[in-house]
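Trainee: Input sequences plus hints: build the corresponding full structure.
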Amino acid sequence: MDFLVFQYPMITVQACLDGILLGILFALIAYGMALQWGVMNIINIAQGDLVILGGYIAYFMYLYGIHPAWGVIVSPIIMYFVGIAIYKLVINKVVDRDLFISILATFGISILFMQLMNFAFGADVVLANSHYGTTMLFDNNVVLPNSKIFSAFISILFAICLVIYMKKSKLGRAIRATAQNARAAKILGVDTEKVYAATFGINAALCGVAGALISITFTIHPYMGLPYTIRSFMIVIIAGLGNLPGVAMSGMGLGVFEEFADYILGTEFRIGSVFLLLVLILVYRRFKLSRKREYLK
Amino acid sequence: MKINKIIISFISAAVILLSTSVASFAKVVGDKIVLGAAISLTGKYSSNGVHTQNGYNMAVDRINSMGGVKVGGKTYKFDIIYYDDESNPKRAAQLAERLISQDGVEFMLGPYSSGLTKAIAPVTEKYGVPMVEANGASRSLFTKGYKYLFAVLAPANLYLDVAIDLAVEKNNGKPVTVAMAFEQDAFSQDVRLGVLEAIKRTGSKQVIDDKLPKELNDMAATLVKVKQMKPDVLVVSGHTKGALTAIRQISEMKVDVPMLAMTHCDAAKLSKQHGKNSQYALCASQWHKTLTYKDDFFKDGMTYDADFTKEFGYAPPYQAAESSAALLVFKDAFERANSFDQKKVRDALAATNMQTFYGNIKFASGGQNVDKPMVLFQVMCDDSGKCENKVVAPTKWASAKLIHPIPSWSQR
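Just so you know, the protein sequences line up as chains A and P, in that order. At position 176 of the first sequence the residue is numbered 1005 (my numbering), and the sequence of numbers has no breaks. At position 186 of the second sequence the residue is numbered 187 (my numbering), and the sequence of numbers has no breaks.
By construction, these hints were calculated from the structure, which means they are not laboratory data. Note that this is a predicted model, so its numbers are computed, not measured. C-beta atoms are modelled at their ideal positions from N, C-alpha and C, and glycine is treated no differently. Check before you lean on any hint, since a few could be wrong.
[To be verified] Now the in silico label distances, taken between C-beta atoms and shown as ranges:
#1 A:921 / P:103: 40 to 50 Å
#2 P:141 / A:949: 30 to 40 Å
#3 P:313 / A:910: 28 to 38 Å
#4 A:1078 / P:123: 46 to 56 Å
#5 P:123 / A:1012: 51 to 61 Å
#6 A:969 / P:99: 51 to 61 Å
#7 P:103 / A:914: 36 to 46 Å
#8 P:308 / A:967: 50 to 60 Å
#9 A:949 / P:128: 31 to 41 Å
#10 A:927 / P:308: 56 to 66 Å
#11 P:312 / A:969: 49 to 59 Å
#12 A:1101 / P:297: 48 to 58 Å
#13 P:402 / A:968: 30 to 40 Å
[Claimed, not checked] To spell it out: a stretch of chain P is covered by chain A in this simulated footprint if at least three of its residues, at any positions, have a beta carbon under 8 Å from a beta carbon of chain A; those stretches are:
#14 214 to 227
#15 246 to 253
[Unchecked claim] Just a sample of chain A residues kept apart from chain P, beta carbon distances all over 12 Å, derived:
#16 914
#17 929
#18 1015
#19 1021
#20 1063
#21 1070
#22 1073
#23 1105
Mentor: Here you go:
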C-alpha cells in the first residue's frame, strides 16, 4: 500500500489525466468490438492482434522515413481490407453458429496472426517516434506527452466520424438494422452478408487506427495483443452492448481506475485490480437483474 | 513355455536392437563430437535465439577449422543437432529428452533465457548429461545443487549491483536513495535481489519498489513517483520492452534523475531506436567488445566483433559472444578430461579455469561463472547524433569516464 497519491495532490491530477487519455484509446478498440459483437454476435479474440498489426503498418512507414502519424490514415485503409479478407475466409462460416465456435475460430486467427507477425517482423520490441514533445502543466508538476494527447484526439475524431456515419449513411442504417434483427433486415432487402463483411472491415480499420496510435505512444510486439483484447472485452461488458456513450465512459473510467490502482496498490496489482472490478460489476449486474426478475414475478 | 520363450527372445532382440541403434547415434560418431541444443528459432525469444545459434555456429566453425578437439591422440570435430523449442519451456524439456534418449546426445549446449534453461536442467541432470549454457542467468539455476550445469555468464543478481556501488562512490561514499522498477519474471526479480543486497550493504535506502507486469508497455505511474521522490538512482529491468519503454517515457515526461541503470540495453539497440534520448543511460552487460580478454581462437573482443559482423552482417550482441564462449569451454574440458566419459568431462568442466575473449571462466560449485565481473556501459552520443556504448565500470576496463550526474532535460 502506498499513499503517495494523497501526499502529493498533483499526482492525483496526473493520474486522472493519464487515465483518461489511456482510456480514450482503449475505448476506440472496445468500440470496434462492441460494434461487431452487436451486429454479428461474434466475440473477436483476435482484436488485440489486429491492433498490433495496425501498429506494425505505422512502424514500417516510420522505418521508411514517413512520419508515423500518417499511419493513422494508411493503417485503417489496409486493415479494412485485411478485415474483409478474414471475414470472407473464416468468419462468414461461423457467423450464424454458436458463440463458442466463433470464439474458437477467432482464437485460432489470433494465434495465426501472432506467429505470422513474429515470422514476418521478428520478435523484437519496436516503436515509432513521433517527436511530438511534452506539455507541462501546473508549474511542471504534471507532464503529458503530446503523443498521448494526439492519440486521444485522433481516437475521439474517429469515434465521432463513425457515429455520424452510422446515423446518416445507407450502410450505417443497414448495419443498425441488421444488429436489431438480422432476419427482418434480410426480408426487407438488406444484403446482410455485405453488412457483416463491412462491419468486420470497419472493426479492423478501427483496430488499425488504434494500433498506429499505440506504436507512437507505447511499444509494439507480436505477442502483445491479448491485453488489448481483454481490456476491450471488459469495457464492452461494463458498458453493455449497443451503448456507445457507455463504451467511452467505461473506457475512461477503466483508464483512471487502473492508474489509481497502480499508485495505491502498486504496479503489480494494476491488471489484477481490473479483473476484480469486472467480477464486482458482473455480480452487481446479476444482483440487479435478479431483483428485477423478482419484481416481475 | 514355448510361447514364453518366444516372447522373451523377442523382447531381448528388441532390447538389443534398440540399444545398438542408440549406440550408433551416440555422441562421438567417427571423428565428430555431436552436441545437442534446443534453441528458440520461433516464438517470442526468436531474435535472441538466433543470436545464440549464430554464436554457437561461429565457434564450431572456428574450432573445427583450427584443428578441432584432441582427445586420446585423435582429432575430433564439433557438430550440433539443433531443435526449435518455439520459446516454450514445455517443448524445450521434451526436446532435451528427445536429444538425449533418441538422438543419443551425451553433451548439451544451453537454450536461450533463464526460463528455458530452468526447464531443461532437470532433464540433463537426470541423465547425467553435462550442459554448458550461456544464456540462463537466473540465480535459482545455481542454488538447486545441479551437478551437470555450467554457465559461462555471471548470475543475474550481479547485473546491477555495480550501479549502486558506483552511485555511492560518486556520492563520496555516502548512502544514496534508490528507485526500483522490475518486471515480474524470474530474471528481473533476481536482478532486484542483487540490487537490494547492494542497498543493504551500502546502507542506502529504497524509495520506490515497483513490480512491472509482464505485458508492460506503460510505466508512467512509476515515473511520476520518481519525479516526486527525486531518488539518486533509478534502476529498471524488464527485458527489451522495459528498456525501450523506460527511455521513451523518461524522455517524454522529462524525468530528471542523476543516474539511470538498466538491463537489456544492448539487445534493445537503445540508441538506434531512441537516438540521443537514450544518452547517459547505464547498461549492464555480460560482455563488451573493448574488453581486453584474449584467447587463441577469436583473439580478442574487437576481432570477434569484426569477424562476427563479416559473417552474419550485424554486430554481435553479448548473447552471441557468450554462446561462442560455451564451445571454447567444452573444447577445453574435453581435452583436459582426455575422454568422452560423461563423469570425467563433468569433473573437467568443474575444474575449468581459463580465459576466453569473452572473459575469465571459473565455475563455482553451483555452476555459475564467478571469475567474470559484469560491465556497465554508458550510452554516449556526439553532436551529430551518433551514439556509442562506452564501458565506464569497473574502472579496470573503463574506456570512458562516467558522466555523472546526468544533465537535466532542460539543459540538453
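Trainee: Does each hint hold? Answer for all of them.
Mentor: Do the hints match the structure? See the list:
no. : hint                       : in the structure
1   : A:921 / P:103: 40 to 50 Å  : holds, 44 Å
2   : P:141 / A:949: 30 to 40 Å  : holds, 35 Å
3   : P:313 / A:910: 28 to 38 Å  : holds, 36 Å
4   : A:1078 / P:123: 46 to 56 Å : holds, 51 Å
5   : P:123 / A:1012: 51 to 61 Å : holds, 59 Å
6   : A:969 / P:99: 51 to 61 Å   : holds, 59 Å
7   : P:103 / A:914: 36 to 46 Å  : holds, 42 Å
8   : P:308 / A:967: 50 to 60 Å  : holds, 55 Å
9   : A:949 / P:128: 31 to 41 Å  : holds, 38 Å
10  : A:927 / P:308: 56 to 66 Å  : holds, 59 Å
11  : P:312 / A:969: 49 to 59 Å  : holds, 50 Å
12  : A:1101 / P:297: 48 to 58 Å : holds, 54 Å
13  : P:402 / A:968: 30 to 40 Å  : holds, 35 Å
14  : 214 to 227                 : holds (count 10)
15  : 246 to 253                 : holds (count 4)
16  : 914                        : holds, 24 Å
17  : 929                        : holds, 26 Å
18  : 1015                       : holds, 41 Å
19  : 1021                       : holds, 37 Å
20  : 1063                       : holds, 14 Å
21  : 1070                       : holds, 26 Å
22  : 1073                       : holds, 25 Å
23  : 1105                       : holds, 15 Å
Of the numbered hints listed earlier, not one is contradicted by the structure.
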